[in-house]
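Chemist: Those protein sequences? They're chains B and X, same order as listed. Under numbering that gives the first Met the number 0, the residue at position 512 of the first sequence is numbered 511, and the numbers go up by one with no gaps. Under numbering that gives the first Met the number 0, the residue at position 235 of the second sequence is numbered 234, and the numbers go up by one with no gaps.
Think of the hints as simulated: they come from the structure by calculation, not from any bench. Each residue gets a CB set at the ideal place from its N, CA and C atoms; glycine is no exception. Careful, some of the hints might be misleading.
Only some residues are given here: those of chain B computed to face chain X with a beta carbon under 8 Å [said to hold, decoys possible]: (1) Thr626; (2) Lys628; (3) Ile731.
Quick list of in silico lysine to any residue cross-link-like pairs, SDA-like style, CA-CA up to 20 Å [stated by the list, open to error]: (4) Lys784(B) with Glu64(X); (5) Lys420(B) with Ser132(X); (6) Lys136(X) with Arg617(B); (7) Lys783(B) with Glu227(X); (8) Lys783(B) with Ser132(X); (9) Lys591(B) with Leu537(B); (10) Lys633(B) with Asn48(X); (11) Lys628(B) with Leu57(X); (12) Lys719(B) with Asn85(X); (13) Lys628(B) with Asn48(X).
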Amino acid sequence: MKIIKYELLKIVTNKLFIFIFLVLWFINFIFLNYHNYLVPENDISHKAYKLLVSDLKGKNNLDKGIFINDLYQRAKAINIIYNIQNYRKSDNPLMREYADALRDENKEIYNMYYEESKNPIWKYTGNSDTELVFLEIIKTEYDIVNNYHKSLNNILDESKTIENVSIFNSNDNVSLKSISKTSDVYRSMLNTEVNYEVGKTVEKITSLNITDFFVLIIIFIFSMILTLEEKEKNLLIIIKSTKNGQFTTIVSKIVALFISTCLICILFYGMNFLYYYITLGCGDFFATVQSLSMFTLSTIKVNILEYLLMFFMSKCLYIFLLSLLIFYLSIKFNSISEVLLILFIIILINFIVYKGVDVTSNINLFHSFNLIGLINTNEIFRIYDNLRFYNMIVSKTSILLFLQVVLIFIFIILSIFKYLKNMNNDLRVNKIILKLKEFKLFKNIRFNSVFSFEVYKLLFVNKSLMIIIIFILFVSYNFKNQNFNLSYNEDFYKNYMDVLSGHLDKEKEEIIENTLNEYDKASKQLSEIQEKVKSGELSNIEGMIVSQPYEDVLATRSIFEKIEYKYNYIKENPNASFVYDTGYNKLFRVYKSVDFYDIYLIIFTVISILALFIMEYRTGVIQILNTAKNGRVKTANKKVLVTVIFCTFLFIISTVTEVIGIYKMYGLPNMDMSVISLEVFSNLPSNMSILTYLIVFYIVRYISYILIILLVEYISLKFKNMIFAFIVSIFILLIPFVMNIINNFQVNLFPFFNISLVRYNLAYFILVPIIVIINVFLYNSVVKKLE
Amino acid sequence: MLEIKDLNRSYGNKLVLKNINCKLTNGVYGLLGPNGAGKSTLMNIITTNLKADSGSILWNGCEIENLGNSFREILGYMPQGQGLYNGFTGYMFLNYIAVLKSVPKADIKSEIERVTKSVNLMDSINKKIGTYSGGMKQRILIASAIIGNPKLIIFDEPTAGLDPKERIRVKNLLGSLAKDKIIIIATHIVPDIENMAKNILVLKNGVLLEETSSDKLIQKYAPNGNLEDVYMSIFSNGEDL
Ligand SMILES: Nc1ncnc2c1ncn2[C@@H]1O[C@H](COP(=O)(O)OP(=O)(O)O)[C@@H](O)[C@H]1O
Ligand SMILES: [Mg+2]
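Work out the full structure: start from the sequences and follow the hints.
Modeler: Here it is in structure tokens:
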């Protein structure tokens, strides 16, 4: 007991951990409040739901239906009335005619709601359009729940039909078994009672992915602190005691891990629960979970409250599994770089499995059972399903939970064994491992310079050679899986631009004018046909058939608008010419400031260089370094040089694959033309060619990348602790990027990574000297820090 | 000649070294004092790992701060705690230290061989340091302190964590070093320096109590005993306070 307390105390007294925890907790809270602004779904406020929930409270399902239906009919009717009134005001006589027809059609409701429509009260949202959207959502939900038994019966009937048919071709025995198993389960659900509940609250509580993300970060830091910190500080010797004592220690660690996992989950998911409970309100927590439209196909027999508990416990299970994985890895491997790397590979493999295994394949168990698939806890319970592993079929819910528990036990046992073995490994038993450790690539090599030693430290001691190999594999895998096919629209655009490519001349002008004329003709023909249909000269069907060819012609009209726009632009700017620009827009990050390439690059950069700058401090060799002639400034200089060279490789690999990818897909034509041919860059000097701009773009990117390297080094020297340096670097570098991708912010927090912002304002070029100055400053502080 | 003048150093408001004054000439010195006396702090200041608050350290009459790298050229240091790269082989580590100390390229090979022999690590010099025992780690650190033939060598707790057999080996090793240089051995273990040190510096709570030969110390503090008794008589009442 005491040891558990001690382990927990170690966490609680770790100031930086607490700090990060509080920051994330706070961000989560902010996020809850601003979620709607960041990712707007619609204008419906939480208040609307809350009000409706309280209006529905205490009613039975039938009354709820009547209540919702009345509201919905009213909103719809008043909306129609508004439409009629608007059409009436139109200048177009046809529209006015249509308005009258509409009124006649809806005479009854028109008269009924006409008075009210003059000054209606929109109780929930305050305006007619939103109210209608809101009530539509609610009504759809209600209908789904209300038809619960009907849809169950449908499923049962359907499966019966399939079973009957399949008697004759029973070669797919397994799917048949799955179908009959499913129908058995649904049959047992027939006597479930449903009483509609507004689904928003539970939906929100159970599907906020950003919280998962935060919890994972916390868990990550946490598991590392429990193991690696200790290793780094060489405390292991102190704990080394009796075998019994070691066993107690490791078990306490695992218990502490479990307790804290639960606590962290309670604090984070509890906050979400409370927040949505308060802002969205809640109906009857004791209604069956099938009363929520989201869960009508679920076959767990619990009420909503119980479901939320199950959700929470499954979440804890998953998080605990992950933390045990990290925990085990950090016992097994000695350096944080290794742990990070292995973890990255594991997640990558899981991701490939998740993406690669099809839902319908005969091993679809692995589509759900992997670290990526399991993160959506709702998916475990939402719909009854059978998962297949070759000829075995098992119910999704039970197998996923069962396998997680099994894995947890496996990791616990592995961790205990590994820990005990680590403790007693003075006599190294494993001869093969010993041999491998003895294997020396540089047995007879002598180095004569500080530089070569820094290279050796980076590539071999810190395993960055492995990292760069993995990076290459990773990038090539990505490249291989890239889809190089153009969409129909893109293909049309590309073909046209290929024809027009180059300076505008008479011939091209003619082509464009001709195409435009064709479009005009086609649309004229179309409207003539419509007239004829209206006057009765052609029947509806005849009209459709006759207009088909013209509609085909016009289908590409909207794409051609882009070309037309370019045409007009070139007429105004004689220096510009036709350039197929999709590839350039991608390359220059015109519409998206950050690409995934950037993120991979940053992650690999941070992982590979972080350790190098702290290893002297971590090992204590710094004390010798300080007393040696070449130990200070020279070492610092060489370290920076080595990391910059190394990262340049990463940069080149990432850049080259990106450029080749874009080149293969879109091509990068007319590089020698003026950059203003890309009309987004119309404010750049017209005598600058696209190629020149490309070079400038990559030079700026490169020096910005160097800034990132120096920043990581600065941070790592500041903290002198791998875990925190890693977390802080990732925070500072990655979060702006991720935010950028999620929310498509045009305002990039890292503008220097994207000089293409000069298209808004030439003054952005001022960033270049600023980056250079920051680089010099960072370089100086890094060297000083080591001095 | 190493001369320390009015040296003070504190951590926060805790004075760790109080007005240290002494002059050291060629020969072996033992710096004796219990844990927390300030030995490592003093050694770290001499080796320019730390800065003093006030006072100065002179090497042959010149401030070491002004000498900078030319002082570091004649310095060898074995810090307290086994600061080593586990991923390096012993050979590689010595090679690295030689490069850091800018031992001439042509001499590196012979220097490594010389120090390896003198610490008796020939058999395991090509093994990874991570596989070394505690005593081997201490010996490789000693080797790295004496590589390049420095004129001032400082050992901080060279026998910490060693078993008695290893301890005697390390002591013999230190005793065998040539006497044409200044060697300082900081320790709280009396036998480590007994019969070896020309002079003994006694450090108590940051104050340099004595700087004299062990015979004189025995005369003064424990006329009928040995150096161990001197240590007890100086420091045991200190603990009572
Ligand atoms: N980095 C530090 N911060 C604060 N106090 C320190 C630090 N290093 C040492 N001390 C204090 O200075 C005193 C002398 O320490 P030290 O020189 O390591 O003694 P010794 O090496 O003789 O055991 C001790 O009381 C110790 O607590
Ligand atoms: Mg000490």
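Chemist: Honestly, which of those hints from before does the structure not fit?
Modeler: 3, 7, 8 and 9
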